[in-house]
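Visitor: Residue numbers (the working numbering), protein chains in the order written: chain A, 1 to 121; chain B, 122 to 250; chain C, 251 to 814; chain D, 815 to 1309.
Among these hints, one or two may not hold up.
Below, simulated DSS-like cross-link-like pairs (lysine-lysine); rule was C-alpha separation at most 25 angstroms, straight line [stated by the list, open to error]:
| no. | chain 1 | residue 1 | chain 2 | residue 2 |
| --- | --- | --- | --- | --- |
| 1 | C | 693 | C | 615 |
| 2 | B | 150 | C | 719 |
| 3 | C | 615 | B | 207 |
| 4 | C | 740 | B | 211 |
| 5 | A | 31 | C | 792 |
| 6 | B | 150 | B | 140 |
| 7 | B | 207 | C | 740 |
Sample of chain D residues lacking proximity to chain C, with all beta carbon distances greater than 12 angstroms (derived) [as the list claims (entries may be wrong)]:
| no. | residue |
| --- | --- |
| 8 | 816 |
| 9 | 828 |
| 10 | 835 |
| 11 | 876 |
| 12 | 879 |
| 13 | 911 |
| 14 | 1041 |
| 15 | 1084 |
| 16 | 1109 |
| 17 | 1115 |
| 18 | 1218 |
| 19 | 1223 |
| 20 | 1249 |
| 21 | 1252 |
| 22 | 1277 |
Pairwise CB distance ranges (calculated) [unchecked claim]:
| no. | chain 1 | residue 1 | chain 2 | residue 2 | range |
| --- | --- | --- | --- | --- | --- |
| 23 | C | 411 | D | 1295 | 27 to 33 angstroms |
| 24 | A | 90 | D | 1285 | 40 to 46 angstroms |
| 25 | A | 112 | D | 1102 | 20 to 26 angstroms |
| 26 | D | 919 | A | 67 | 57 to 63 angstroms |
| 27 | D | 1011 | A | 67 | 26 to 32 angstroms |
Honestly, the hints are just simulated from the structure, not real lab data. Note that the coordinates shown come from a computational prediction; the quantities given were computed from them, not determined experimentally. In this text, a Cβ means the ideal position worked out from N, Cα and C, and glycines have one as well.
Each chain is listed here by its residues.
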Amino acid sequence: MDVLGLFNYWVVVILMMAGLYILIARYNLIKKMIGLSLFQTSIFYLYITIGTVDGGTAPILVDDPSVVYSNPLPHVLILTAIVVGVATTAVGLALSVRIYEAYNTIEEDEIRAANAEEQDI
Amino acid sequence: MKNDSQKQVSDDSLTPLAKRFLWVESADKVRLAIYILAGLCAVLFILDFVVHRHAYAPNENTPGFYALTGFLAFSFIVLGAGLLRKLIAKPEDYYAPNAVDAEDYPEEGLNREEFAPDEIVENKPGSGS
Amino acid sequence: MLLSAPFLFLIASAVLAFIPQRLRAPLMLVTPVLALISIIGFGTGNHGVLNILNFELVLYRIDNLSFPFGVIFCIAAFLASLYAWHVRDLTQQVATLGYAGAALGGVFAGDLVTLFIWWEATAITSVFLIFARGTPAAMATGMRYLIIQVLSGVLLLAGLLMHFHDTGSIAFNHLGLQSTGTWLIFIAFGIKCAFPLMHNWLQDAYPAATVTGTVVLSAFTTKMAVYTLARGYAGTEMLVYIGAVMTLFPIFFAEIENDLRRVLAYSLNNQLGFMVVGVGIGTELALNGTVAHAFSHILYKSLLFMSVGAVLYRTGTSKASELGGLYRTMPITMVCCVIGAMAISAFPLFSGFISKSLILDAASKNSYYVVWFCLVVASAGVLSHSGIKIPFFTFFAHDSGKRPAEAPMHMRIAMIITAFLCVFIGVFPGFLYSILPHEVSYKPYTFSHVLTQMQLLCFALLAFVYLMKVGLHPHELRRVNIDSDWVYRKGIPSILPGVAASVIALNTRSREWALKRLERLGIQVARYASPTGPLADGWGVKAMVGAVVVLMFAILLFNLWPNA
Amino acid sequence: MMDQLPALQVMLPMVAAPLIVIIRHPFWSWLIATLISVCACWVSWLMLQQVVDGSIIRYAIGGWEAPTGIEFYVDRANAGVALLVSGLSSVVLVYAYHSIKRTVDTSKHYLFYAGWLLCLTGLIGMVITGDAFNVFVFLEISSLSTYMLIAFGSDRQALVASFRYLVMGSVGASFILIGIGFLYAATGTLNMVDLAARIPDTESPRAVLVAFSFLTVGLMIKAAVFPLHGWLLNAYHHAPIAVTAFLAGTATKVSLYILVRMFFSIFGDEYSFGYLLLNWVLLPSAIAAFVTMSLVAIYQTDLRRMLAYSSVAQIGYILAGISLATQQGLTAAVVHMFNHGMVKATLFMAVGCVLYRAGHAHIPSLERMMSRMPFTTTAFILSGLGLIGVPLTVGFVSKFTLINALMEKGWWPAVVMILASSVMATAYIGRVVYLMLFREARESSASGEGYQEVPLLMLVPMYALLALGLYFGLFGSQTLGIASGAAESLLGGYQ
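Here chain A stands alone, though its shape is the one from the complex (with noise of 0.2 angstroms):
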């Protein structure tokens, strides 16, 4: 196993680190949705790496035992978790635009300010 080997493990951490950067430096919620995507997305690389086999196909049954398949399980799984990052992105974005509607800004460092503003009065 060389360090090309690990190619889609780089890819996974470098996207989570990413997501994960993204999430500290930037105030801006729509980056920070965007960020916590880019982070999600990394862990379903992760999941869809550790299915893979060596020489495996698809798993989809035909008739012939040489046939070796990758581990359907974590894609299965990973249907779920895609789902729930939709979701998740979904909820976060309204909540986003609500924010907008409310504080006319999505700048959390311009939200804090209106929200200390607030608890002086």
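Since the structure of chain A is provided, determine the placement of chains B, C and D on it from the hints.
Guide: Leaving out everything else, chains B, C and D in the frame of chain A:
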């Protein structure tokens, strides 16, 4: 005994019973009493040589052991106490006000009554001194 | 159980508060008689056994050892009540009966918990006999007394808890010095028994009590402690040496003490020494001697306190330097005092003779020769302070010019009865010997015994005469003598102001410093914790995710590092 | 029917949620939600009856036996948690009717109650499922509905709170997902019982370690363990008070339960605490939680926020019990989960009553509350005493057990810290009680004079819960018995 207090000896200040002890006021009689004591001591000391005593402790059987012990122990204690006093005696108010030495006993707890010679006059015939 | 002796006393002391004045003194006389009847009526055995929470409490244990103490306590309570017939102060009356009841309760306690309760009760009841004097000094003395007595109780409690933890038993039988718990109990007993360096409360408190209060005080606390020692620590060799020291050192203090009641307190301490030696030897003969000596000692010490008390009652002072020549007008008191003095000096035919010789014999028979010699010397010393000093300087010596009337009738009766008992026991020792814990085969009146005792006493008298003649005998001076209690009465208090000042200064400075620090800290905390502060304000996504990442890396490192 | 209880438990609320959306009527949706919740509560009660003797229910969904299929695994530990969740949900739902009418637009009630039932579904599912991935799914169900419920809060800050929770919750859930993925990679199974059996013999211990770390952090986020508690404060503060009461009693507790299950049943306590020295992470965080958060709570001016901080502190207590990894410590943790759930829900309900009448929960304005709302104030004070841990209350039972457990292990500094934090708890509760009872109302707040008590429908559930709390405080041995059984099941691992 000190005989410096003989000035006030009068029948008035004595109860009938006390009159039996009047001899302590007389230097002669006191001297007599001392002679009697000395004689008694001598007799007791001599008896030690005569009588065989049963003894447990070492030296207890030595003639005159108790006599000597009594005399020396008493002297030692009295003289030692005299020395001790030089070390530890303090004025009466040393611990005041937290000790009773410097204060008088509260009057309400007492019944001071002076001796009244009149009573004696009444009782005199009965007591017969 | 309500008819047992301790409770009779307690009930009577409670009743006192509710009956007319004129009935109180008679009730105080009747109660000890009833209690004595009760003790004899109950007979030997364990009465009043209660089982509470797995503890077996034995409230009323009468056996060979506790019985003689019970008898003499009742007699002492009776005599003290008679002596105090004139007292109208309800506090003192209640305290007297309560104290006597508590002491009886302690003697008859069959387990340590019950003993502890009575132990503390004696402290709390007896202190009122000191407070009753009513002066500020008496209040201070009473507080000192109470603190030390309660300290003894606390030690007893601690000891009994540890003992219970060790053995699972609270029964009060032979304990021995075998564990921390029993050591603590030993020290608790030792405080009440006025062991050397724990003795100061006794000389401090007894002269501070009222005229009658001292008589009551002298009878119970210390003798109860002797009983508990005899019960729990008989045969503990250390007690022999403690007792020997106790017999010797108070003599010197007594010799130069001016307050006659304090002289008697020192003398009491010295007599306790004889009893403690007896407990330490622990043979049947020695224990018999201890009990017998406690019995006769209560009588003659009461008698001496009574006579000095009568003098105090009539003249207002009990100081040797103020007294003298009182035989002229108080001859009955004088005669009783002399009888008491001869009893304590152990002249043949007096009670001290027949009890003390048991202990001396036990000491020499068990080869404690040095101790035995100490006791002989101490016997000569007893003559010096109690036998000669008390009667001589009060009733003879130089005439003070005071002409007080004879003691009141009830006091005279009390003293005469006590004096009679002292002589009676001395002449007919069989009566006392018959109630001792063990069979007595001892014959006090052998020729050699009488002879040696007479030699000792007569030559000591001779020494006294000689010393008086040559003027070496210490004069009576208006002085107090410091004892080891100086440490806590003067020593520590004298350095205390300096210590206190520096402590206060240190405290002030450190407090200022701490306050300033605290204030600054408070401001900081408030800044962080206030609703808008960084600790409290809802963290933004940035901070939260940052925390997650940091923690994640920390845990991963933490988990993987050792296994890498 | 009795065999289907575990499925029923989850299916009831899950099916009822869309039903409510179809009906759309505010009152009926409330009624259905309440009834369903009560039914779920009854079902979990029946389940608890079946397993309280130590037996175990393993229910294969759709007849697919484990480890192929997904199964529900019910034992003493999680039946109790399920009962807590559904029970609190029922009580708070009864209470919520008036409270929600005040804060949520009537046209959206049906969505609110549907979301509530989904949240309940997720929570119960998390508790009773025996499949690791299923935990994630139910977690997300409950999380997504919780974001929605929080966003129903009356002021705009609720939206921000909800968004922040969404991000944090998603990160946490993703961590859990990563952890599960690694576990699957290392063992090839998702069934928890199977996992527990295979982990010791795994060929890639490194992957298991990574999985363990990710799962721990992910669950710590969801359980609001200090210092990952940031989302909780604003969420509890700005959510509708009924939601806060519900979540405070259940959501974090469920996550803690999963954490415990993972530590003790899946990985085993030797692995979690012996090999990995996890208590060097958990215990410091627990102590930091109950010390700093109690301190911060003293300074709060809003009652809800104060209680939110107190919640984080109380989670610290539970975590301290868990980190002991002993029978007694775990008993203390479990019993404190229950007791704190009850007490905190009651407290938030009392705060809700104040909000209902006063419109705010500003602490300095609560003067003389006793004369205005005697019943509410009484409930608040009694529960507050329970929170402090005054003897004869539930708080005392659990705190005492916890201190006992700590002393048994010889962790004296932690005991001292607990006592210190109890003093602080006395301070922050005492301050409020003092204001409510004694302080004369200032002129400025005199305008608020004439408040009346809240409707009976709010008081009754609050007092029911309060009475339950008082009962368990007086007869603490009962809860302790069940909790110690639960701790036994957890420590024993899977049979």
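Visitor: Does each hint hold? Answer for all of them.
Guide: Here's how the hints hold up against the structure:
For the given pair, residue 693 (chain C) sits about 15 angstroms from residue 615 (chain C) by alpha-carbon distance, which is consistent with the 25 angstroms threshold. Restraint check for residue 150 (chain B) and residue 719 (chain C): satisfied, since their Cα atoms lie roughly 15 angstroms apart, inside the 25 angstroms limit. Under the criterion of a C-alpha separation no larger than 25 angstroms, the hint pairing residue 615 (chain C) with residue 207 (chain B) is inconsistent with the structure, at around 39 angstroms. Pair hint residue 740 (chain C) plus residue 211 (chain B) holds up; C-alpha atoms about 12 angstroms apart against a cutoff of 25 angstroms.
As the CA atoms of residue 31 (chain A) and residue 792 (chain C) are separated by approximately 12 angstroms, the hinted pair is consistent with the 25 angstroms bound. Taken as a hint, the residue 150 (chain B) and residue 140 (chain B) pair is honoured in the structure, with Cα atoms around 14 angstroms apart against an allowance of 25 angstroms. As the CA atoms of residue 207 (chain B) and residue 740 (chain C) are separated by approximately 18 angstroms, the hinted pair is consistent with the 25 angstroms bound. Distance to chain C confirms residue 816 (chain D) as a non-interface residue, since its nearest Cβ pair spans about 43 angstroms, more than 12 angstroms.
Annotated as non-interface, residue 828 (chain D) keeps its C-beta farther than 12 angstroms from every C-beta of chain C; the closest such distance is 30 angstroms. With a cut of 12 angstroms on Cβ distances, residue 835 (chain D) stays outside the contact zone with chain C, its closest approach being about 31 angstroms. Distance check for residue 876 (chain D) against chain C: the nearest CB is about 36 angstroms away, which clears 12 angstroms, and the non-interface claim stands. For residue 879 (chain D), the condition that its CB be more than 12 angstroms from all CB atoms of chain C holds, with the nearest at approximately 34 angstroms.
No Cβ of chain C approaches the Cβ of residue 911 (chain D) within 12 angstroms, the least distance being about 29 angstroms, so the stated non-interface status holds. Look at residue 1041 (chain D): its CB is around 5 angstroms from the nearest CB on chain C, not clear of 12 angstroms, so calling it non-interface is violated. With a closest Cβ-Cβ approach of about 15 angstroms to chain C, residue 1084 (chain D) is found to remain outside the 12 angstroms limit, as its non-interface label requires. Some Cβ of chain C comes within 12 angstroms of the Cβ of residue 1109 (chain D); the nearest lies about 6 angstroms off, and the non-interface call is violated.
Residue 1115 (chain D), annotated as away from the interface, has a beta carbon of chain C within 12 angstroms; the closest lies near 5 angstroms. With a least CB separation of 20 angstroms from chain C, residue 1218 (chain D) remains clear of the 12 angstroms interface cut-off, as annotated. Residue placement check: residue 1223 (chain D) keeps its beta carbon more than 12 angstroms from all beta carbons of chain C (closest about 21 angstroms). No beta-carbon of chain C comes within 12 angstroms of the beta-carbon of residue 1249 (chain D); the shortest separation is about 17 angstroms.
The claim that residue 1252 (chain D) is not at the interface with chain C holds, since no C-beta of that chain comes within 12 angstroms of its own (minimum 24 angstroms). Every Cβ of chain C is farther than 12 angstroms from the Cβ of residue 1277 (chain D); the closest lies at roughly 31 angstroms, confirming the non-interface assignment. Our hint of 27 to 33 angstroms for residue 411 (chain C) and residue 1295 (chain D) holds, since their Cβ atoms are close to 32 angstroms apart. Distance hint for residue 90 (chain A) and residue 1285 (chain D): a CB-CB separation of about 44 angstroms, consistent with the stated range 40 to 46 angstroms.
Between residue 112 (chain A) and residue 1102 (chain D), the C-beta spacing of about 24 angstroms keeps the proposed range 20 to 26 angstroms intact. Taking 57 to 63 angstroms as the suggested C-beta distance range, the pair residue 919 (chain D) and residue 67 (chain A) conforms, at roughly 58 angstroms. For residue 1011 (chain D) and residue 67 (chain A), the hinted distance range of 26 to 32 angstroms is satisfied, since their beta carbons lie about 31 angstroms from each other.
Hint violations for this structure: numbers 3, 14, 16, 17, all remaining hints satisfied.
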